[in-house]
Amino acid sequence: MPFLCTAALSIDLSRNLVQQKYAELNYTAPDSFSAALADRSDYWTRKNQFDAFHKRLSDLTSLPENWDAEDAARPTSVALDATRNALLAMQELGVMPERISPSVEGGVAVSFLRGRNRAFIEFYNSGEIVAATYEDEGEPVVWEVEAIDAMNRAALDRIHVHLTG
Amino acid sequence: MQFHYQNAPIKEALIDIGVELPPTTNLGHLELFHEQLKHDYPVKRRRIYIEGQFSAGPQIGASARQTEMGFAFESNDNRRVFQARLDGFSFAQLEPYENWASLRDEAGRLWSKYKDWTQPVKIRSVAVRYINQIDIPSGRIDYKDYFRTTPEVSPDLPQELAGFTMRLIFPQIAINGVLVLTQASVSPSSSNLASVVLDITVSTEDATFFSTDEELWRLLEVLRDKKNQFFEGSITEATRKLFGETIKY
Numbered sequence: 003m004p005f006l007c008t009a010a011l012s013i014d015l016s017r018n019l020v021q022q023k024y025a026e027l028n029y030t031a032p033d034s035f036s037a038a039l040a041d042r043s044d045y046w047t048r049k050n051q052f053d054a055f056h057k058r059l060s061d062l063t064s065l066p067e068n069w070d071a072e073d074a075a076r077p078t079s080v081a082l083d084a085t086r087n088a089l090l091a092m093q094e095l096g097v098m099p100e101r102i103s104p105s106v107e108g109g110v111a112v113s114f115l116r117g118r119n120r121a122f123i124e125f126y127n128s129g130e131i132v133a134a135t136y137e138d139e140g141e142p143v144v145w146e147v148e149a150i151d152a153m154n155r156a157a158l159d160r161i162h163v164h165l166t167g
Numbered sequence: 050m051q052f053h054y055q056n057a058p059i060k061e062a063l064i065d066i067g068v069e070l071p072p073t074t075n076l077g078h079l080e081l082f083h084e085q086l087k088h089d090y091p092v093k094r095r096r097i098y099i100e101g102q103f104s105a106g107p108q109i110g111a112s113a114r115q116t117e118m119g120f121a122f123e124s125n126d127n128r129r130v131f132q133a134r135l136d137g138f139s140f141a142q143l144e145p146y147e148n149w150a151s152l153r154d155e156a157g158r159l160w161s162k163y164k165d166w167t168q169p170v171k172i173r174s175v176a177v178r179y180i181n182q183i184d185i186p187s188g189r190i191d192y193k194d195y196f197r198t199t200p201e202v203s204p205d206l207p208q209e210l211a212g213f214t215m216r217l218i219f220p221q222i223a224i225n226g227v228l229v230l231t232q233a234s235v236s237p238s239s240s241n242l243a244s245v246v247l248d249i250t251v252s253t254e255d256a257t258f259f260s261t262d263e264e265l266w267r268l269l270e271v272l273r274d275k276k277n278q279f280f281e282g283s284i285t286e287a288t289r290k291l292f293g294e295t296i297k298y
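For the protein sequence lines, the chains are A and B, in the order given. Letter by letter, the first sequence follows residues 3 to 167 in our numbering. Letter by letter, the second sequence follows residues 50 to 298 in our numbering.
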């Protein structure tokens with residue numbers, strides 16, 4: 003584990019330097035407070051979450067055929083690229099997915115959840131996109147979507163309204 | 050000189066006030082506070098700190114501990130976030146950023162409610178933080194064209210960087226505090242962009258600067274001016290051009 007050792011040493015060293023500088027100036031370095039602030043940013047929190055979704059999407063490229071042992075096709079570049087473009091639009095709009103998973107229909111499924119309100123979008127290997135909104139109980143409202151990206155956000159707006167309604 | 054940009058790169062602007070609450074205050078008390086704010090901030094999330102611990106020596110290892118510190122209450126459009134925590138209060142405006150006055154005034158309104166509800170024993174710290182994401186329209190850039198403080202790589206090493214994080218801590222003697230400037234490359238929103246975050250936090254824990262509410266809000270103006278000075282001092286004219294029309298005043 004040499005990496006962890008290096009990380010710990012570099013953290014301690016930088017703190018010592020700051021403490022030393024403050025000692026010269028007769029101050030106490032409030033380093034614990036500055037470190038705590040790193041946790042308080044929603045920008046960083048959301049960015050990290052979206053980075054994790056992009057990573058998850060990349061991981062799906064190595065999924066084998068028949069990954070569910072019930073003949074499901076693995077997601078193709080058509081579905082993956084469409085999902086990637088949609089993720090960028092979600093990030094711009096601040097619509098946070100709950101989960102990204104392979105679809106048993108062949109493609110990628112993105113699900114959303116806020117309280118009792120739920121939604122999902124499926125990006126199929128054929129290029130088709132289907133979106134749905136529903137609640138814990140009740141029938142889903144399902145519709146076809148032409149594209150979801152920076153220029154085509156209507157489906158995301160509709161999902162956002164449903165989730166926050 | 051101050052600048053106002055048509056397309057300011059501000060992704061998040063935040064005012065944070067650290068407090069010590071009466072020992073009897075618990076998460077349940079903070080959760081009930083949401084009732085007062087549900088109309089403007091209907092979404093409730095738990096706020097959890099993850100604290101990592103590194104250890105070196107005969108035993109090298111890492112561990113993480115989760116502590117529930119309070120709640121984040123969000124506006125319906127996810128653009129405004131108010132945190133009510135056991136260790137403090139913060140209000141954040143995410144993009145699109147309007148202006149300092151609207152950030153400060155809403156933070157003031159919420160602080161007043163938080164203070165009435167929690168009755169802090171004392172204020173521990175005050176901070177202003179601005180996170181800017183600067184998107185440069187090129188997959189390959191020379192950072193020195195856009196930033197005036199850059200990591201310097203030894204001429205004996207390859208000069209191409211796949212990424213970097215630079216954290217500089219400047220003492221702020223006038224307020225007995227610090228300014229933390231973090232400059233880091235981040236994943237861009239498009240493959241033909243290079244994105245760099247300029248994250249500036251100015252803070253102080255010196256209670257002589259916020260012994261009254263009036264002083265506290267005056268201090269916030271000082272912190273914000275200091276943040277502006279460091280932001281403007283960190284970027285070049287080429288960067289300013291990325292922000293559209295600029296009004297100097």
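Don't read these hints as lab results, they were simulated from the structure. We treat Cβ as the ideally placed atom computed from N, Cα and C, and that holds for glycine. Some hints here could point you the wrong way.
[Claimed, not checked] Computed cross-link-like contacts, SDA-like style, restricted to lysine to any residue with a CA-CA straight-line distance of at most 25 Å: (1) A:Lys49 x B:Gln55; (2) A:Lys49 x B:Ser236; (3) A:Lys49 x B:Glu270; (4) A:Lys49 x A:Asn119; (5) B:Lys87 x A:Asn119; (6) B:Lys93 x A:Arg116; (7) A:Lys49 x B:Leu206; (8) A:Lys49 x B:Thr257; (9) B:Lys276 x A:Arg48; (10) A:Lys49 x B:Ile172; (11) B:Lys93 x A:Val163; (12) A:Lys49 x B:Ile296; (13) A:Lys49 x B:Pro91; (14) A:Lys49 x B:Ser238; (15) A:Lys49 x B:Tyr54; (16) A:Lys49 x B:Lys164; (17) B:Lys93 x A:Asp151; (18) B:Lys276 x B:Leu206.
[To be verified] Incomplete in silico selection of chain B near chain A, CB under 10 Å: (19) Leu63; (20) Val130; (21) Lys193; (22) Arg197.
Hey, B:Lys87 versus A:Asn119, does the alpha-carbon distance stay inside 25 Å? 17 Å, holds
Satisfaction of hint between B:Leu206 and A:Lys49, Cα-Cα up to 25 Å: 31 Å, violated
Assess, step by step, whether the Cα of B:Lys93 is no farther than 25 Å from the Cα of A:Asp151, and give holds or violated. The hint is violated at about 28 Å.
Hinted pair, alpha-carbon criterion (25 Å max): A:Lys49, B:Tyr54. Please report holds or violated. Given that 25 Å is the threshold and the Cα spacing comes to 24 Å, the pair holds.
Regarding the hint that B:Val130 lies at the interface with chain A, is the smallest CB-CB distance below 10 Å? 5 Å, holds
A:Lys49 and B:Pro91 were given as a pair; does the straight-line alpha-carbon distance stay at or below 25 Å? 22 Å, holds
Is B:Lys93 close enough to A:Arg116, meaning Cα to Cα at most 25 Å? 10 Å, holds
Pair hint A:Lys49 and B:Gln55, alpha-carbon separation not exceeding 25 Å: 24 Å, holds
Is the hinted pair A:Lys49 and A:Asn119 satisfied, with a Cα-Cα distance of at most 25 Å? 23 Å, holds
A:Lys49 and B:Ser238 were given as a pair; does the straight-line alpha-carbon distance stay at or below 25 Å? 10 Å, holds
For a C-alpha distance cap of 25 Å, please report whether A:Lys49 and B:Glu270 respect it. Since the Cα atoms of A:Lys49 and B:Glu270 sit roughly 28 Å apart, the hinted pair is violated (cutoff 25 Å).
With the threshold set at 25 Å, check whether the alpha-carbon distance from B:Lys276 to A:Arg48 stays at or below it. 23 Å, holds
Of the numbered hints given earlier, the model fails hints 3, 7, 8, 10, 12, 16, 17, 18, 21 and 22; all others are met.
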